[in-house]
Amino acid sequence: MRRPPAIFLLLLVLASPGAAARQAEPASPQTVQYALEARLDAPNRLITGRGRLAWRNPTLHPTSELRFQMAWNAWRDGHSSWMRDQRVAGAFPAEGRTDDDMGFIDLTSLAVTGQTGTSLLAGAHYIAPDDRNGDDRTVLAVPLAAPVMPGASIEVEFAWNAHVPRPFDRAGVIDRTFVITNWFPQIGVLQDDGWHCHQLHPNTRAFNEFGRYDVALTVPEPWTVGATGAESARVSNGDGTATHRYVADGVQDFAWTTSPDYVERTDRITRPGHADITLRLLLQPEHVEQADRQLGAVRSAIQVYERQIAPFPWTRLTIVDPVAVINSRAQGNGIAAAAYPMLLIGYTRWLTPWTAAIPEGALTDQVGREFFAVDAAPDAFDHPWLDGSVARFALTRVMPEAFPQRFVTVNRYFGGLVAWPYADVPWQVGEADAGALWIGTLSASVTEDTMTRVLSAYYAQAAGRHPTPGTFLAAARAATGQDLDWFAEAMRRPELNVDYAVRAVLSTITDSGNVDTTVVVARLGSGVLPVDVRVTFADGSNVVERWDGKDEARTLNYRRGSPAVAVDIDPDHLLRVERRRTNNSWLAHPSGSRAADKWSLRWMMWFQHMLMTYAFFV
Amino acid sequence: MARPRTAVLGAFAEGWRRALRAPLVTFSVLLLMWLIALPLAAGLRDQIAQQLGASRTADRITGGWDTAWAAEFATDAHGVASSFTHEVLGFGGTLATLSWLLDAQPMPRTMGTAVAAYLLIWLFLSGGVLDRLARARPVATSTFFATCGVFFFRFLRMAIVVGAIYWAVFRWLQPWLLGTVFDWGTRNLANEHQGLVLRGWLYGILVAILAFVNLIADMAKVRAVVEDRHSAVASLLAGWRFVRRRFWRCATLYLLNIVGIVVLARLWLQVAPSADEPDWRALLAGQAYLVARIWARLAFMASEVVFFQAELAHAQFAAAPEPVWPDSPSADGAGA
Numbered sequence: 001m002r003r004p005p006a007i008f009l010l011l012l013v014l015a016s017p018g019a020a021a022r023q024a025e026p027a028s029p030q031t032v033q034y035a036l037e038a039r040l041d042a043p044n045r046l047i048t049g050r051g052r053l054a055w056r057n058p059t060l061h062p063t064s065e066l067r068f069q070m071a072w073n074a075w076r077d078g079h080s081s082w083m084r085d086q087r088v089a090g091a092f093p094a095e096g097r098t099d100d101d102m103g104f105i106d107l108t109s110l111a112v113t114g115q116t117g118t119s120l121l122a123g124a125h126y127i128a129p130d131d132r133n134g135d136d137r138t139v140l141a142v143p144l145a146a147p148v149m150p151g152a153s154i155e156v157e158f159a160w161n162a163h164v165p166r167p168f169d170r171a172g173v174i175d176r177t178f179v180i181t182n183w184f185p186q187i188g189v190l191q192d193d194g195w196h197c198h199q200l201h202p203n204t205r206a207f208n209e210f211g212r213y214d215v216a217l218t219v220p221e222p223w224t225v226g227a228t229g230a231e232s233a234r235v236s237n238g239d240g241t242a243t244h245r246y247v248a249d250g251v252q253d254f255a256w257t258t259s260p261d262y263v264e265r266t267d268r269i270t271r272p273g274h275a276d277i278t279l280r281l282l283l284q285p286e287h288v289e290q291a292d293r294q295l296g297a298v299r300s301a302i303q304v305y306e307r308q309i310a311p312f313p314w315t316r317l318t319i320v321d322p323v324a325v326i327n328s329r330a331q332g333n334g335i336a337a338a339a340y341p342m343l344l345i346g347y348t349r350w351l352t353p354w355t356a357a358i359p360e361g362a363l364t365d366q367v368g369r370e371f372f373a374v375d376a377a378p379d380a381f382d383h384p385w386l387d388g389s390v391a392r393f394a395l396t397r398v399m400p401e402a403f404p405q406r407f408v409t410v411n412r413y414f415g416g417l418v419a420w421p422y423a424d425v426p427w428q429v430g431e432a433d434a435g436a437l438w439i440g441t442l443s444a445s446v447t448e449d450t451m452t453r454v455l456s457a458y459y460a461q462a463a464g465r466h467p468t469p470g471t472f473l474a475a476a477r478a479a480t481g482q483d484l485d486w487f488a489e490a491m492r493r494p495e496l497n498v499d500y501a502v503r504a505v506l507s508t509i510t511d512s513g514n515v516d517t518t519v520v521v522a523r524l525g526s527g528v529l530p531v532d533v534r535v536t537f538a539d540g541s542n543v544v545e546r547w548d549g550k551d552e553a554r555t556l557n558y559r560r561g562s563p564a565v566a567v568d569i570d571p572d573h574l575l576r577v578e579r580r581r582t583n584n585s586w587l588a589h590p591s592g593s594r595a596a597d598k599w600s601l602r603w604m605m606w607f608q609h610m611l612m613t614y615a616f617f618v
Numbered sequence: 619m620a621r622p623r624t625a626v627l628g629a630f631a632e633g634w635r636r637a638l639r640a641p642l643v644t645f646s647v648l649l650l651m652w653l654i655a656l657p658l659a660a661g662l663r664d665q666i667a668q669q670l671g672a673s674r675t676a677d678r679i680t681g682g683w684d685t686a687w688a689a690e691f692a693t694d695a696h697g698v699a700s701s702f703t704h705e706v707l708g709f710g711g712t713l714a715t716l717s718w719l720l721d722a723q724p725m726p727r728t729m730g731t732a733v734a735a736y737l738l739i740w741l742f743l744s745g746g747v748l749d750r751l752a753r754a755r756p757v758a759t760s761t762f763f764a765t766c767g768v769f770f771f772r773f774l775r776m777a778i779v780v781g782a783i784y785w786a787v788f789r790w791l792q793p794w795l796l797g798t799v800f801d802w803g804t805r806n807l808a809n810e811h812q813g814l815v816l817r818g819w820l821y822g823i824l825v826a827i828l829a830f831v832n833l834i835a836d837m838a839k840v841r842a843v844v845e846d847r848h849s850a851v852a853s854l855l856a857g858w859r860f861v862r863r864r865f866w867r868c869a870t871l872y873l874l875n876i877v878g879i880v881v882l883a884r885l886w887l888q889v890a891p892s893a894d895e896p897d898w899r900a901l902l903a904g905q906a907y908l909v910a911r912i913w914a915r916l917a918f919m920a921s922e923v924v925f926f927q928a929e930l931a932h933a934q935f936a937a938a939p940e941p942v943w944p945d946s947p948s949a950d951g952a953g954a
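Chains as they are written, first to last, in our numbering: chain A, 1 to 618; chain B, 619 to 954.
One chain only, chain A, in its complex shape:
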């Protein structure tokens, strides 16, 4: 391995400069301290690094093993669990890639500080705690000669090589723009029930300990670097490289990016009673005209989240505008929007209409994740809804307030050449996952203010910690004053299918001139939730019944002076998880035919034009 310049060692032993940190003191004791130095060999896409990790055992039990996540090995070949999961989902991200497009990370040395003669690598071995995939090399177990006792610390020194892939997920390089995340051997989280160091899976994030990161990055000079934390020093090495030193306290990850092409813009958000937030935007040159738009979006998002949740956790934020992929077959899928401490990755396209929800949607989503997935850092593998769904739900509340009625659905045609806004198809924040829909259901059952209190109380408890579902439930129970057992059950099985339907309505006139009405409502899904059923009669009166939803069907009987003209299950649309809302209602005089006529006619006109287009060539 190439030795790092002496300046690194000098930098690392110098007294610590002021580090960028959370707005408030870390909620939990700092468990790790990383001192890393890394050199990027840009032409060969290689990172060579060395580091020192001081780790404290935060549990009540001794441990004789350390576990490291080696994320980039997920992209070493097609056998990793990440690749297998992608294939199961019908995606083939490694298809057509050369070896140079793949990624890997190898530890070249690992020893307890002061015992450099005794390598820990000899006993190190890859394990697959999540799925027993013997070919997966993303979790390295390292046996120790002596256990680390509760509250005691150990310091290890290590060196590694990593190859930067063409983008997979959230890391990689296109041309000369490198986005580097989960890039070093990252120690997992030891809790009282054991190690939580997961293999890399799609749509999850590394689960790391909070602590201090002191990182020296050597890149070609004069490339721009953006990273977690504050830049405390920049030294020209005289060999065509420069070393940038970044320090961050109280964070659980460190990500960085570098490119000679970035255009830099800055902005500042001033807040009464809190420190200013410095925004630093690293833009692709062709997106320069969007600089104000992107900074404005982040500013709006932060302001709304602060109104709804809490002060933004950081006093500085680097916003990375990655290379936009126009040909995923050749370029890879590109860098996905993501959030890391003090650094977020957005997404935009060249020639993006003002009414398109990018970049605002991606940036606002990631600002939310700075609260709910980064500063509050749940285990994304064990509790995916807590990592993604809470932020997703928060996004559904923030977007309409930050950008009221601005966006419409935009499709891109001709390989992305033409962006076409469908002005009469409003863009909606999708509550994309089941967890967000369940939280939406909880939200619909309480007032807006109460839900705001739920989210802010949860964040207050979770910030700087590793929250569990219990953290959220406790916050929700305290804010709503309800036991929320249904919600707790739903969060254990968020994939539950909730579907209620009006099965039959029958009105018959009795001998006495009254009308007997029978309404049958049914539960078609496996999810059980109490629900209101409203029956409206021709004389304008209505009855609202509460149904616990436990039986597969319920029959409601009425004797009235007039027949039923409408039945509505969940009339106030409280059940956001209800996937099939159409069968929730029944009208005596429906207008389904008119709607069917209207839309089939519209389709027919489109089809006729399509015939014309194809007939042009005959």
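No lab work stands behind these hints: they were computed from the structure. A virtual CB, placed ideally from N, CA and C, is assigned to each residue, including glycine. Some hints here could point you the wrong way.
Residues on chain B that point at chain A, a partial pick, calculated with CB under 7 angstroms [what the hints assert, rightly or not]:
{"id": "1", "residue": "Arg663"}
{"id": "2", "residue": "Leu737"}
{"id": "3", "residue": "Asn809"}
Listing some non-contacts, in silico: residues in chain A with all C-beta distances to chain B over 10 angstroms [said to hold, decoys possible]:
{"id": "4", "residue": "Ala128"}
{"id": "5", "residue": "Ala145"}
{"id": "6", "residue": "Pro147"}
{"id": "7", "residue": "Val148"}
{"id": "8", "residue": "His163"}
{"id": "9", "residue": "Asn327"}
{"id": "10", "residue": "Asp511"}
{"id": "11", "residue": "Ser512"}
{"id": "12", "residue": "Val544"}
Could you slot chain B onto chain A? The hints should help.
Below, chain B alone, put in the same frame as chain A:
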């Protein structure tokens, strides 16, 4: 003495004039499109009506596009209904169709069958339409269909040859251009605009090749009708020679017609109905544009006929005699 060169603009104008004077042909094609599209639309209508049932949702979606309902409908949609998305709305639908065509995206099987049926019937009608446009005067309905019958199998043989060329273009050239070449050009590209410019050029090459094949096929059909040629291959070769010898004027005429179609599309962009437009206005605007497109297509054909006649024949000349619908054998027998 050398024949004077035909004015392209004159042929263009005369072509559009001839098309305008053949309203029956225009509305016959419109009727044909209704006949092809209506059964599929009826199928879609049934699926929508069945999905809505007696639901209150129907009230909501008659007012405009409802994304939540559309997503729910899409989960169970099959066949033609799977193409029912917001991309059928307004001018976006026009763009989407063209984009899918150039990107060779497959369509649902049911729709593909309907498109194939339409193309076959259009091919049948082409002989009669070209003859009508060549003569520049109305012909009896029986004569029109008799002419269609006369040329159908010649055009069918021609379509097999031309179809094979189109198939080869989409089977090999299109994937090579928009696959291999585009991949090569974009692999390490950090500038989106450069990639899109490259893609634009590749589309340009693809469209130019398709247009060239289309032009030769058009001229071959024109020549087959005007000169009453029987051999499809000979007609295609004659079409090729005709275009080769006066390439720039043919290309200019073709481009002029394309510009006409683009102008119509631009007008459509202006008046394309929104999702909440009243049904009658949407129908009126959509059908008006459809009639304009049919007229433009007929004018396209007519201008090529006029150009050909002016170059090699004379105005309104068609070599084949007007076919006469045969009397019935019983009439023959009676000496009627």
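Is the shortest C-beta separation between Asn809/B and chain A less than 7 angstroms?
Holds, because the Cβ-Cβ distance from Asn809/B to chain A comes to roughly 6 angstroms (cut-off 7 angstroms).
Should the hint that Leu737/B touches chain A count as held when the rule is a Cβ pair under 7 angstroms?
holds (5 angstroms)
Ala128/A and chain B, when compared Cβ to Cβ, separated by more than 10 angstroms:
holds (33 angstroms)
Examine each Cβ of chain B, and state whether all of them lie more than 10 angstroms from the Cβ of Val148/A.
Fine: 45 angstroms to the nearest Cβ keeps Val148/A off the interface.
Status of the stated non-contact between Pro147/A and chain B (beta carbon gap over 10 angstroms)
holds (49 angstroms)
So is His163/A really clear of chain B, every C-beta pair being over 10 angstroms apart?
With a cut-off of 10 angstroms, His163/A remains clear of chain B, as the shortest Cβ separation is near 16 angstroms.
Least C-beta distance from Asp511/A to chain B larger than 10 angstroms:
Asp511/A is indeed farther than 10 angstroms from all Cβ atoms of chain B, at 28 angstroms.
Is it correct that the beta-carbon of Ser512/A has no partner in chain B closer than or equal to 10 angstroms?
holds (28 angstroms)
Are all C-beta atoms of chain B more than 10 angstroms from that of Asn327/A?
violated (4 angstroms)
Does the claim that Val544/A lies off the interface hold, with its Cβ farther than 10 angstroms from every Cβ of chain B?
Val544/A is indeed farther than 10 angstroms from all Cβ atoms of chain B, at 16 angstroms.
Quick check on the hint: Arg663/B CB to chain A CB, less than 7 angstroms?
Interface hint status for Arg663/B: holds (4 angstroms vs cutoff 7 angstroms).
Does Ala145/A clear chain B by more than 10 angstroms, comparing its Cβ with all Cβ atoms of that chain?
Check passes; 47 angstroms lies beyond 10 angstroms.
Comparing the model with each earlier hint shows a violation of hint 9 alone; every other hint is respected.
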